[in-house]
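**Student:** Residues per chain, in single letters:
Protein chains: 2
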Amino acid sequence: MLSAYSATSKKATTSVLCRVIPLYRTFASATGAPLDASKLKITKNPNPSKPKPNDQLVFGKTFTDHMLQIEWTKENGWAAPEIKPYGPLVLDPSAAVFHYGFEAFEGLKAYRTPGNKIALFRPDMNMKRMNKSAARICLPTFNGDEVIKLMGKLIEQDKNLVPQGQGYSLYLRPTIIGTTAALGVSTPDRALLYVIASPVGPYYKTGFKAVRLEATDYATRAWPGGCGDKKLGANYAPCILPQLQAAERGYQQNLWLFGPEKNITEVGTMNVFFAFKDSITGMKELVTAPLDGTILEGVTRDSILALTRQNLDPKEWDINERYCTISEVEERAKKGELLEAFGAGTAAVVSPIKEIGWKGSDIEVPLTPGEQSGPLTKQIASWIADIQYGRTKHGNWSQIVADLN
Amino acid sequence: MLSAYSATSKKATTSVLCRVIPLYRTFASATGAPLDASKLKITKNPNPSKPKPNDQLVFGKTFTDHMLQIEWTKENGWAAPEIKPYGPLVLDPSAAVFHYGFEAFEGLKAYRTPGNKIALFRPDMNMKRMNKSAARICLPTFNGDEVIKLMGKLIEQDKNLVPQGQGYSLYLRPTIIGTTAALGVSTPDRALLYVIASPVGPYYKTGFKAVRLEATDYATRAWPGGCGDKKLGANYAPCILPQLQAAERGYQQNLWLFGPEKNITEVGTMNVFFAFKDSITGMKELVTAPLDGTILEGVTRDSILALTRQNLDPKEWDINERYCTISEVEERAKKGELLEAFGAGTAAVVSPIKEIGWKGSDIEVPLTPGEQSGPLTKQIASWIADIQYGRTKHGNWSQIVADLN
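Protein sequence lines, in the order shown, are assigned to chains A and B.
Numbering of the first sequence is given in our numbering, commencing with residue 1 and proceeding in unit increments.
Numbering of the second sequence is given in our numbering, commencing with residue 1001 and proceeding in unit increments.
Only chain A is shown next, with the shape it has when bound in the complex (with noise of 0.2 Å):
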């Protein structure tokens, strides 16, 4: 059951959306040989590192001893992958990567299992996304379960650097650059695709911390026609200057709006959702901007998407994927209807939010009394650590890669 807002949201940006089309082919140039797991090379790491205490675990600063990469040149396609120690890249400084923006990359996470083991959270999705990506810029496109298979050998030689406990887990980038030595603006002939590991806490230390957001109008994240929904290095810097500005006026992320009806689209670096319950009905519902090519295709998203569909009663929530403007936010907010509002991503998996600054007044989220988020917030974060860490199991989310024991 859709609400008014949702029909009528839906309507005004048909004006601006139904005119693009997408970008159906991909000139992925995926030429030479296959990405070949077996071919594997591994040279170890003379000088081991011991882990790092939990507490001095710093998101993305200390890396594993070794890493995977992966070269491909047009000629003749992917070389044997090396895993390696830990290092510089040495590139020219023509490198295709540092003038043109050829660059994509990934973020997902391993953990430690009850039964120590270790399991990634559904990385058949990163690959897939990181393909699309890569597709999108003229980079080489792969064979994405070879590139896990890797990423398990990966985590095996490091696995003593694998974190132990609720919240910590390894964080995996998966990255792909364009290394043509020459400054024409052309398709990349050479490419390298490389994986780094960093044992990362939980996002917030001591449970949730909610977020105060600015709903940003001014500057734009993401364009119909544009690649805001691909996971490229240009989708990153140009939203830094925003954050900062947004963080003088004392808000910590931008919530982003898109069009003259200001759909919300995402917040940060995350997508995000908002929960309403329509107050003549009793109906609650679950919203989610729709994947129109603005949008990042979050696996967490898809994940909080899925398990919403599968575990709220029908007769109680509606989960839709819709334009939803600023304006419903705050109307809705003002008459009791909203409910609760979060952002969704692998680093914090799920952010509550508690304020939107809009107008020059905030937009105020209801929280749990006494606490840092609402209940649905919580119940998604829980069901979401069970499967990752593999106390619930959840068709295939859940992949082990490595054993500990």
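There could be a bad hint or two in this list.
[Claimed, not checked] Each pair of labels, with its calculated beta carbon distance range: (1) A:Lys84 / B:Glu1330: 56 to 62 Å; (2) B:Asp1055 / A:Asn76: 26 to 32 Å; (3) B:Ala1247 / A:Asp386: 48 to 54 Å; (4) B:Ala1247 / A:Ile280: 54 to 60 Å; (5) B:Asn1116 / A:Tyr218: 47 to 53 Å; (6) A:Val90 / B:Ala1306: 56 to 62 Å; (7) B:Asn1143 / A:Lys39: 27 to 33 Å; (8) A:Lys74 / B:Glu1316: 36 to 42 Å; (9) B:Asp1386 / A:Pro85: 26 to 32 Å.
[What the hints assert, rightly or not] Chain A residues, not near chain B, derived (Cβ > 12 Å throughout): (10) Pro46; (11) Ser49; (12) Pro51; (13) Glu156; (14) Pro163; (15) Gly250; (16) Ala306; (17) Leu312; (18) Glu321; (19) Thr368; (20) Arg391.
[What the hints assert, rightly or not] As a list, the in silico SDA-like pairs of lysine to any residue whose alpha-carbon atoms are at most 25 Å apart: (21) B:Lys1050 / B:Lys1084; (22) B:Lys1262 / B:Leu1291; (23) A:Lys74 / B:Thr1062; (24) B:Lys1209 / B:Lys1149; (25) A:Lys52 / B:Gln1245; (26) A:Lys128 / B:Tyr1218; (27) A:Lys84 / B:Leu1091; (28) B:Lys1084 / A:Gly184; (29) B:Lys1153 / B:Trp1317; (30) B:Lys1354 / A:Val185; (31) B:Lys1149 / B:Pro1034; (32) B:Lys1354 / B:Trp1317; (33) B:Lys1205 / A:Gly184; (34) A:Lys74 / B:Arg1129; (35) B:Lys1074 / A:Pro88; (36) B:Lys1084 / A:Gly87; (37) B:Lys1052 / A:Pro88; (38) A:Lys74 / B:Phe1059; (39) B:Lys1061 / B:Thr1043; (40) A:Lys335 / A:Ser361.
If you are wondering where the hints come from, they were derived from the structure by calculation, not from laboratory data.
The structure presented is a predicted model; accordingly, all values stated were derived computationally and were not measured.
We put the CB at the ideal spot given by N, CA and C, even for glycine.
Dock chain B against the given chain A, drawing on the hints supplied.
**Tutor:** Then chain B, alone, in the frame of chain A:
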């Protein structure tokens, strides 16, 4: 005198653009020591190379023997500049430039003058724009005059490699990248500014070669509230796929359109100009898109506007920065009012256009019979070349930076 077209198309786009508030404040983190050319340290390349014959020069594939490099840290500011043998960059695989698009660049050329000196063409414009680009993605800003001095020193080292002859020059590529070795998405606290130099020949070896463009509305290069007016890596990689798609259909480049009005914005990686003649009044008009935040602030664009305003008879020519839609071009071509069209940028200076594919047919752009450009395009190219090679003086546009005598 504006034609009827200009008034309408200007009005039509106001609705889209008026809601965009510029990012008025930058957080240029230029703390610490300023960039100081007098601190330069030079390490000579022990293996100097010989100049390649002019006919073997390929744009941006061969580089001179030296490069300029200046490191920046948040704690200490700009370190002493270094000129050293051309060689690879050694960077941590977690460096910000590989993941989040922290990269901006410039392109400018050094020319041999008749007196055997070496002159840069309007380098102050490039430095100004590079600072704007850096500030937009929170990389440090710097004193552009110091970098111009340092580029002069760099050219001095390799002055025997600056090619001689009309159309030949030394292409300089100043680049700034964020080098912080950490995966958190935030303002880089380390950066590297470097300049490499490539001896290049004329863009068209045998005079002009007019190109066929595909008017592109299914992919969008830049948008209000984005950063399409800055020279960021982010703006380039996403444009390759639409170019390959256009090429498959027989067009060399994309003519980028924007918005429901389908305003013409740029061509490939260049600004674009159209010349019209009103069939009733006989008045001629040279048109390029206004700098509304979606258009690169091209140095060649600016030079063409200044030179045509200075040299063309205002009783005969209007020089206008205004919105111009693809429909206007189509209609005026039909009426015989379209005189010429050309791209404008540092690499080719001017690049004549002969056809524009739109809605399944081609808009024909007139050329001088038996030639590959129209008369105005040719005239403009000649005015600019005369200044670049020091044959004509134009204020401080041509700046001597080295002496071969």
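**Student:** Now look at each hint and say whether the structure bears it out.
**Tutor:** Quick rundown of the hints versus the structure:
no. : hint                             : verdict
1   : A:Lys84 / B:Glu1330: 56 to 62 Å  : holds (57 Å)
2   : B:Asp1055 / A:Asn76: 26 to 32 Å  : holds (30 Å)
3   : B:Ala1247 / A:Asp386: 48 to 54 Å : holds (50 Å)
4   : B:Ala1247 / A:Ile280: 54 to 60 Å : holds (56 Å)
5   : B:Asn1116 / A:Tyr218: 47 to 53 Å : holds (51 Å)
6   : A:Val90 / B:Ala1306: 56 to 62 Å  : violated (44 Å)
7   : B:Asn1143 / A:Lys39: 27 to 33 Å  : violated (51 Å)
8   : A:Lys74 / B:Glu1316: 36 to 42 Å  : violated (51 Å)
9   : B:Asp1386 / A:Pro85: 26 to 32 Å  : violated (57 Å)
10  : Pro46                            : holds (19 Å)
11  : Ser49                            : holds (16 Å)
12  : Pro51                            : holds (19 Å)
13  : Glu156                           : holds (19 Å)
14  : Pro163                           : holds (16 Å)
15  : Gly250                           : holds (15 Å)
16  : Ala306                           : holds (26 Å)
17  : Leu312                           : holds (32 Å)
18  : Glu321                           : holds (23 Å)
19  : Thr368                           : holds (29 Å)
20  : Arg391                           : holds (27 Å)
21  : B:Lys1050 / B:Lys1084            : holds (17 Å)
22  : B:Lys1262 / B:Leu1291            : holds (16 Å)
23  : A:Lys74 / B:Thr1062              : holds (20 Å)
24  : B:Lys1209 / B:Lys1149            : violated (36 Å)
25  : A:Lys52 / B:Gln1245              : violated (50 Å)
26  : A:Lys128 / B:Tyr1218             : holds (23 Å)
27  : A:Lys84 / B:Leu1091              : holds (16 Å)
28  : B:Lys1084 / A:Gly184             : holds (24 Å)
29  : B:Lys1153 / B:Trp1317            : violated (42 Å)
30  : B:Lys1354 / A:Val185             : holds (22 Å)
31  : B:Lys1149 / B:Pro1034            : holds (14 Å)
32  : B:Lys1354 / B:Trp1317            : holds (22 Å)
33  : B:Lys1205 / A:Gly184             : holds (16 Å)
34  : A:Lys74 / B:Arg1129              : violated (35 Å)
35  : B:Lys1074 / A:Pro88              : holds (21 Å)
36  : B:Lys1084 / A:Gly87              : holds (23 Å)
37  : B:Lys1052 / A:Pro88              : violated (33 Å)
38  : A:Lys74 / B:Phe1059              : holds (20 Å)
39  : B:Lys1061 / B:Thr1043            : holds (23 Å)
40  : A:Lys335 / A:Ser361              : holds (16 Å)
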